[in-house]
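Which chain is which? The protein sequence lines are A and B, in order. Following the numbering used here, the numbering of the first sequence begins with 1 at its first residue and continues without gaps. Following the numbering used here, the numbering of the second sequence begins with 1001 at its first residue and continues without gaps.
Among the hints, erroneous ones may be present.
Derived, one-sided and incomplete: chain A residues facing chain B with beta-carbon distance under 8 Å [what the hints assert, rightly or not]: (1) Q9; (2) S14; (3) D27; (4) T29; (5) H32; (6) A35; (7) E54; (8) M56; (9) G57; (10) R58; (11) L72; (12) V76; (13) D77; (14) Q82; (15) N88.
Computed footprint of chain A on chain B, listed as stretches where at least three residues anywhere in the stretch have a Cβ under 8 Å from a Cβ of chain A [to be verified]: (16) 1297–1307; (17) 1477–1488.
Computed cross-link-like contacts, EDC-like style, restricted to lysine to aspartate or glutamate with a CA-CA straight-line distance of at most 20 Å [to be verified]: (18) K1068/B with D79/A; (19) K1009/B with E13/A; (20) K1011/B with E42/A; (21) K1009/B with E64/A; (22) K1306/B with D77/A; (23) K1069/B with E50/A; (24) K1066/B with D10/A.
Since the hints were made in silico from the structure, they are not lab data. Don't be surprised by glycine CBs; every beta carbon is placed ideally from N, CA and C.
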Amino acid sequence: MSKVYIALQDNDESRYIIEAIEQDNLDATVIHQPAMIRIENENYLVVKRETVEEKMGRDWNVQELHLNLITLGGNVDEDDDQLSLSWNV
Amino acid sequence: MSAKKLNLKDKYRLLTRDLDWEYSYVDRKKAFPYEEFEGIKITDWSKWEDPFRLTMDAYWKYQAEKEKKLYAIFDAFAQNNGHLNVTDARYVNAIKIFLTGVSPLEYQAYQGYAHVGRQFGGAGARVACQMQSIDELRHVQTQIHAMSHYNKYFDGFQDWTHMHDRVWYLSVPKSFFDDARSAGPFEFLIAISFSFEYVLTNLLFVPFMSGAAHNGDMATCTFGFSAQSDEARHMTLGLEIIKFLLEQHEDNVPIVQKWIDKWFWRGTRLLSIVAMMMDYMLPNKVMSWKEAWEVYFEEAGGALFKDLARYGIRMPKFVEVTEKEKEHVSHQAWWIFYNYGHAAGFHTWIPSDEELDWLSEKYPDTFDKYYRPRWELAKKMEAEGKRFYSQALPQLCTTCQIPMGFTEMDDPTQIAYRSSDYEGEKYHFCSDGCKHIFDEEPEKYVQSWLPVHQIYQGNCGGASVEEVLRDYYKLNLGADNLDIKGSPDEQRWKEWKGVA
Chain A
1 MSKVYIALQD NDESRYIIEA IEQDNLDATV IHQPAMIRIE NENYLVVKRE
51 TVEEKMGRDW NVQELHLNLI TLGGNVDEDD DQLSLSWNV
Chain B
1001 MSAKKLNLKD KYRLLTRDLD WEYSYVDRKK AFPYEEFEGI KITDWSKWED
1051 PFRLTMDAYW KYQAEKEKKL YAIFDAFAQN NGHLNVTDAR YVNAIKIFLT
1101 GVSPLEYQAY QGYAHVGRQF GGAGARVACQ MQSIDELRHV QTQIHAMSHY
1151 NKYFDGFQDW THMHDRVWYL SVPKSFFDDA RSAGPFEFLI AISFSFEYVL
1201 TNLLFVPFMS GAAHNGDMAT CTFGFSAQSD EARHMTLGLE IIKFLLEQHE
1251 DNVPIVQKWI DKWFWRGTRL LSIVAMMMDY MLPNKVMSWK EAWEVYFEEA
1301 GGALFKDLAR YGIRMPKFVE VTEKEKEHVS HQAWWIFYNY GHAAGFHTWI
1351 PSDEELDWLS EKYPDTFDKY YRPRWELAKK MEAEGKRFYS QALPQLCTTC
1401 QIPMGFTEMD DPTQIAYRSS DYEGEKYHFC SDGCKHIFDE EPEKYVQSWL
1451 PVHQIYQGNC GGASVEEVLR DYYKLNLGAD NLDIKGSPDE QRWKEWKGVA
């Protein structure tokens, strides 16, 4: 098994993004470290625009993720509605 | 009626595909003279894909927003005397290493990407390199701005570019990038975008920056994470680059594998200094180097190489050595600097009792057995007024340029020593990995500018070590170097904290 991961700065915007990720990836593990939050999951993780918008209560562009992104691991696939990370296994 | 908004994919296609043109009166090979000599075969540049599909308008928009956030924090940090909030004056020495050792690499990366961005025939690759080049320039600038605040209050920050070009241990990072930039454009991408950015920089910019936050250093944590938000994009590009090269032609596979082998080992050697910063220089600990290595290389890199196996790519050569080295390398590196603290541009110290206990706990198999006794001895000698500084100049590894202080990993009491003969001269190495790299390209590495050799050849001024340090390196002796104990840095810190 291979883990994909994403880490975001620990701030108010990320809080909603993390909530959205948790909702859309039920098995994901959230790890809090100083100033950052790391989320990992087996093989696949998705960030959905619709869920983030619901949590934030405003429009959200998937590319806004760059503002709070620290690092990620996995093959990235991004379009207007989502960003996903995956490994080919 | 307003025009229909383009989606991400259409915008990116328009940017990267329709930006290019046919060459009617210039020979393509003359326009891109470096594209073929490395043996890499590109059959279709249009297959190059940036998964983030970042267009210039989006790039400027988000980068501007990042900068605004960052500089607001720098202002707040400076206005609120942020330097007083770090855990301990010792911590700042890790930042001195960062400014003298790492920030100049950002500048080298900026130059490197600007150069290779001109050399690729595909518009997608050129745009990606252009953005990364601008990112790297942003990184060096923000780092200088962030650390200029420390320069007002601490020694060792004053002449970092000069130091980077001359000081013995800084030739380790400098020569790493010199090596990459003097390679061909595709090797540069594998070296920096893939091996360095994807496989290794997480280890510097993630746990260490989290450590900076944990030690009250708001400025460093913020520039680190802001830079890292670009790095996440660079990493993704690194992975796409390697997949692109491997999918273009099967003849590329062995060439790429050879570069991965080389740059993985070069990178692990470079990171030994980060290992020591994590384990010894952060008063408040986040995780040990060993734990960071396990999460960010063994786990993340393991997943990555499993993914690449379908192309016929295997784990880098000598990866099994690094599995053992994670237990030793930080301790051996800090010991080297403790021995040469008089010749360093930052302060050294013996770990406190609590820190020794933390190291014992984090390294149960090696610390008490091999390293704790050394620190106990150093403590005893210091108490007796016999603080010992090595006066002889160390032999350096011709490839990584680190003093030959690393041991055999199966026998940590034995210094590792390898050598190769080339055209009647003998060259020395710290490891099988470094010897292997030399043996593949001896004509390149015989030109290494090795600081100790240069001193002995009289190219660094003065007859004595002191003159070299003072006149050639421009260290302020007695202020920049030696132990933190008794230093002007420590004295000022105590005055600020009211404990003098």
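Does the structure keep K1068/B and D79/A at a Cα separation of 20 Å or less?
26 Å, violated
Grab the minimum C-beta distance from H32/A to chain B and call the hint holds if it beats 8 Å, violated otherwise.
Violated - the Cβ of H32/A stays beyond 8 Å from chain B, reaching only about 10 Å at its closest.
Does the interface hint hold: is E54/A within less than 8 Å of chain B, judged Cβ to Cβ?
21 Å, violated
A closest beta-carbon separation below 8 Å is what the hint needs, so does A35/A meet it against chain B?
4 Å, holds
Supplied contact hint for M56/A, tested at 8 Å Cβ to chain B
16 Å, violated
For the hint on N88/A, just tell me whether its beta-carbon gets within less than 8 Å of chain B.
With Cβ-Cβ at 5 Å, under 8 Å, it holds.
Holds or violated: Q9/A as interface residue toward chain B, Cβ cutoff 8 Å?
Holds, because the Cβ-Cβ distance from Q9/A to chain B comes to roughly 5 Å (cut-off 8 Å).
Can you confirm whether the C-alpha distance between K1066/B and D10/A stays at or below 20 Å?
With Cα atoms ~15 Å apart, K1066/B and D10/A stay inside 20 Å; holds.
Tell me if D27/A is really an interface residue toward chain B, meaning its C-beta lies closer than 8 Å to one of theirs.
Hint violated; D27/A Cβ to chain B Cβ min 16 Å, cut 8 Å.
Outcome, coverage of the stretch 1297–1307 of chain B by chain A - at least 3 residues whose beta-carbon is closer than 8 Å to one in that chain:
holds (count 7)
Please verify that hint: V76/A, Cβ, nearest Cβ of chain B, below 8 Å or not.
Hint holds; V76/A Cβ to chain B Cβ min 4 Å, cut 8 Å.
Status of the hint placing Q82/A at chain B (closest C-beta pair under 8 Å)
11 Å, violated
Checked against the numbered hints given earlier, this structure breaks hints 2, 3, 4, 5, 7, 8, 9, 10, 14, 17, 18, 19, 20 and 23; the rest are met.
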